[in-house]
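Let chain A serve as the given structure and place chain B on it in line with the hints.
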Amino acid sequence: MKKSLVEILIERTSDKNFKLSRSFKVEKNKTLQYLLIVDKNISDPASRSFILDKGASLSSYRLFLKAKEGEFFNFSHEIKAGAKIASRSLIVGLKKENFSLKADYNFSGEKSFGRIKTEALLAGEAKLYSADNVNVLAAAQKSDTRVDHSLILEGPGVRGEVTPGLNISANDVKAGHSAGTFRLKAEELFYLRSRGLSPEEIRRLFILSLANNFTTGLVDKKVKEDIIKLIKKSL
Amino acid sequence: MKKNIESHDSLWDEYNPSEYMKDSRLGLDEKLVRFISKEKNEPEWMLERRLESFRVYQEKAFPTWGPDLSKLNLEGITYYAKASDKQAESWDDVPEDIKNTFNKLGIPQAEQEVLAGVGAQYESTVIYHSLKEEYKKKGVIFEDLDVALQKYPELVKPHFMRVMPPSLHKFSALHGAVWSGGTFLYIPAGVKLEQPLQAYFRMNAKGMGQFEHTLIIIEKGAEAHYIEGCSAPRYGADSLHAGGVEVYVEEGARFRYSSVESWSKDAYNLNTKRALVKKGAHMEWVGGNFGSNVTMLYPCSILVGEGASADHLGVAFAGEGQTQDTGAKVIHIAKNTSSNIVMKSISKGGGKALYRGLVDIKEGAENAVVSVKCDALLLDEFSSSDTVPVIKINDSSAAIAHEASAGKISAEDMFYLRSRGLKEDEAAAMIVNGFIEPITKELPLEYSVEMNRMIELEMEGSVG
Numbered sequence: 098m099k100k101s102l103v104e105i106l107i108e109r110t111s112d113k114n115f116k117l118s119r120s121f122k123v124e125k126n127k128t129l130q131y132l133l134i135v136d137k138n139i140s141d142p143a144s145r146s147f148i149l150d151k152g153a154s155l156s157s158y159r160l161f162l163k164a165k166e167g168e169f170f171n172f173s174h175e176i177k178a179g180a181k182i183a184s185r186s187l188i189v190g191l192k193k194e195n196f197s198l199k200a201d202y203n204f205s206g207e208k209s210f211g212r213i214k215t216e217a218l219l220a221g222e223a224k225l226y227s228a229d230n231v232n233v234l235a236a237a238q239k240s241d242t243r244v245d246h247s248l249i250l251e252g253p254g255v256r257g258e259v260t261p262g263l264n265i266s267a268n269d270v271k272a273g274h275s276a277g278t279f280r281l282k283a284e285e286l287f288y289l290r291s292r293g294l295s296p297e298e299i300r301r302l303f304i305l306s307l308a309n310n311f312t313t314g315l316v317d318k319k320v321k322e323d324i325i326k327l328i329k330k331s332l
Numbered sequence: 073m074k075k076n077i078e079s080h081d082s083l084w085d086e087y088n089p090s091e092y093m094k095d096s097r098l099g100l101d102e103k104l105v106r107f108i109s110k111e112k113n114e115p116e117w118m119l120e121r122r123l124e125s126f127r128v129y130q131e132k133a134f135p136t137w138g139p140d141l142s143k144l145n146l147e148g149i150t151y152y153a154k155a156s157d158k159q160a161e162s163w164d165d166v167p168e169d170i171k172n173t174f175n176k177l178g179i180p181q182a183e184q185e186v187l188a189g190v191g192a193q194y195e196s197t198v199i200y201h202s203l204k205e206e207y208k209k210k211g212v213i214f215e216d217l218d219v220a221l222q223k224y225p226e227l228v229k230p231h232f233m234r235v236m237p238p239s240l241h242k243f244s245a246l247h248g249a250v251w252s253g254g255t256f257l258y259i260p261a262g263v264k265l266e267q268p269l270q271a272y273f274r275m276n277a278k279g280m281g282q283f284e285h286t287l288i289i290i291e292k293g294a295e296a297h298y299i300e301g302c303s304a305p306r307y308g309a310d311s312l313h314a315g316g317v318e319v320y321v322e323e324g325a326r327f328r329y330s331s332v333e334s335w336s337k338d339a340y341n342l343n344t345k346r347a348l349v350k351k352g353a354h355m356e357w358v359g360g361n362f363g364s365n366v367t368m369l370y371p372c373s374i375l376v377g378e379g380a381s382a383d384h385l386g387v388a389f390a391g392e393g394q395t396q397d398t399g400a401k402v403i404h405i406a407k408n409t410s411s412n413i414v415m416k417s418i419s420k421g422g423g424k425a426l427y428r429g430l431v432d433i434k435e436g437a438e439n440a441v442v443s444v445k446c447d448a449l450l451l452d453e454f455s456s457s458d459t460v461p462v463i464k465i466n467d468s469s470a471a472i473a474h475e476a477s478a479g480k481i482s483a484e485d486m487f488y489l490r491s492r493g494l495k496e497d498e499a500a501a502m503i504v505n506g507f508i509e510p511i512t513k514e515l516p517l518e519y520s521v522e523m524n525r526m527i528e529l530e531m532e533g534s535v536g
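Taken in order, these protein sequences are the chains called A and B.
Residues in the first sequence are numbered from 98 upward in steps of one, following our numbering.
Residues in the second sequence are numbered from 73 upward in steps of one, following our numbering.
Simulated from the structure, these hints should not be mistaken for laboratory data.
Don't take every hint at face value.
Result set (PhoX-like, lysine-lysine): computed pairs, CA atoms no more than 20 Å apart in a straight line [claimed, not checked]:
1. Lys181(A) with Lys125(A)
2. Lys480(B) with Lys271(A)
3. Lys464(B) with Lys193(A)
4. Lys407(B) with Lys351(B)
5. Lys199(A) with Lys464(B)
6. Lys193(A) with Lys330(A)
7. Lys480(B) with Lys208(A)
8. Lys271(A) with Lys445(B)
9. Lys480(B) with Lys239(A)
10. Lys271(A) with Lys239(A)
11. Lys151(A) with Lys181(A)
Pulled out of the complex, with its shape left as it was, chain A reads as follows (with noise of 0.2 Å):
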């Protein structure tokens, strides 16, 4: 069946009409591509709930450059027989940011498939606590999820707890996840700084180059460009 062309949305907590509660649903063979862009502080805890019908795709871009205490984010996705998720979260924290996230990723139907990827760089006195939860229930045979998280911290002050959590119950499915931290070799480190960069300019380099990964995938030219000016500002 042919599939529509892609719908796009997206969202910015600096918008005046942004709503903290919404829900979405994606409906057969539809595809939608989904920003939301956390650049100003939220003053609730707030939701979106995904429902993706059969055969379904939905490609979850999240960029979160503001967070403050008591702020919380909660996300929930069913993905349905055939649908596809593609979710993809990007955490920039310099100063104090308090980053607070939870996931659930549930797919009930057979051959569904997700791919779930977040990344953080995490510095000053920035702190994130992130849990995503996949769970394959019994009805979900012969999909395919996996769930990573990166996490690049740097200096004394940074804080970060990471649950990617699995839960399946369906045997015949291919799941899995991964979390690490990860920092520049001490050997790249020099090789940057012999050419002369700040530990700044590295550190932007960094993030420059994690911006450009995340908004890869990304339809609209403009809305890249937009994501990259967004976070170089936030520098």
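Structure of chain B alone, referenced to chain A:
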């Protein structure tokens, strides 16, 4: 360890008459806590600790996470039962019916062949304990903890329930109130044991609770390997095992703790195991969890000395009606510490296996290195596997890698083995044994063979 097992159930499910149970009673109150302490002629400080633990136990609620414990009737448990009046130094002195049980489990034979020493506990008391003369001469102490409390209070008092305080959770508090028997192992500085030591814990009577306490001190530069085995027959009534293991690994020492737990499938196994690992010391936990109705067990290493390290290797098999909620906790406190966690689980017949882990990098634990790998194998569509790894990082210099996967036996592997003439369940058992091989290869040969055989027995009729 018995080598030729006819059937899983026929081995562990045989039980002796338990006349001694007429002197015991169900339920727990302060009077019973005082009775246990008086019966053992304990010093006043131990009674005080028991009463304090009992107070904490009463205050603490059941865990709000994890498996459902609502069917566990704590009033229906016998908390203390003494099957034998005295501890034997020779198997000849052990009462005949109890000796038969341990003979069937192969314990005396293993003692003669490969072990440095053996302890055997039946219900609430240790009925046999021995240590080879050559190790006694080196200053090694391997005793029933009740005996050690009388003979070596200067060693027991400063360590007892220090790394496993009653305040940890309801069942550590319960343990602190009613603990009985268990092992005390002390390895003097620099002494390296070439042969492992073993203790075997057996619950025999219906509705029994076993609360043995294992206290192990490995002094500077010493090395040892200690093995625990556990089992109980099935009655169709709940039994409870809430043991406690505390290990103190001093500077530069190395210690391996291996256990194969085969509790009956109506037992609740709510066990607590913790180790304090000092500078340059190394702790290894190797565990196999097969039996029980519900198991909650998360061995914990607390790395308090610079350069301390820990390995956690475990395998859990969750069959019909079983929940194996197991995992590992490592708390990195000192600089340059490292830990390695490898967990494997197999679920079958509606069984539920969970890996629940915590890696906690405390502030100041510079350059901690952590590797976690957990794999789950699901053998049918009724079973489930959950992975809940919590990673807390309070020092940015940590390097952590966590990897997990879940899946079924691959059709290609099965096809290959079937084409070589293996029956379907033989092929499946071979694949499962290969899956857990990283763990079994770390066990002494007899335990490794035993674990593989248990897998084969559990796998019978599991495919097709």
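Verification of the supplied hints:
Straight-line distance between C-alpha atoms of Lys181(A) and Lys125(A) comes to about 11 Å, which keeps the hinted pair within the 20 Å bound. Distance hint between Lys480(B) and Lys271(A) is fulfilled; the C-alpha atoms sit about 8 Å from each other, no more than 20 Å. The hinted pair formed by Lys464(B) and Lys193(A) meets the criterion: a straight-line CA distance of about 18 Å does not exceed 20 Å. Between Lys407(B) and Lys351(B) the alpha-carbon distance is near 10 Å, which keeps this suggested pair within the 20 Å criterion.
Using a Cα cut-off of 20 Å, the hinted pair Lys199(A) and Lys464(B) holds, with the two alpha carbons roughly 15 Å apart. Distance restraint check for Lys193(A) and Lys330(A): the Cα-Cα separation of roughly 17 Å lies within the 20 Å cut-off, and the hinted pair is therefore satisfied. Of the pairs offered as hints, the one joining Lys480(B) and Lys208(A) holds, with about 15 Å between alpha carbons and a cut-off of 20 Å not exceeded. With a C-alpha separation of about 16 Å, the suggested pairing of Lys271(A) with Lys445(B) holds against the 20 Å cut-off.
Our distance criterion of 20 Å between C-alpha atoms is met by Lys480(B) and Lys239(A), whose separation comes to about 11 Å. Taking the CA atoms of Lys271(A) and Lys239(A), the gap is about 7 Å. The hint holds against a cut of 20 Å. Between Lys151(A) and Lys181(A) the CA atoms are separated by roughly 9 Å; this keeps the pair inside 20 Å, and the hint holds.
Hint check: no violations occur; every hint is consistent with the structure.
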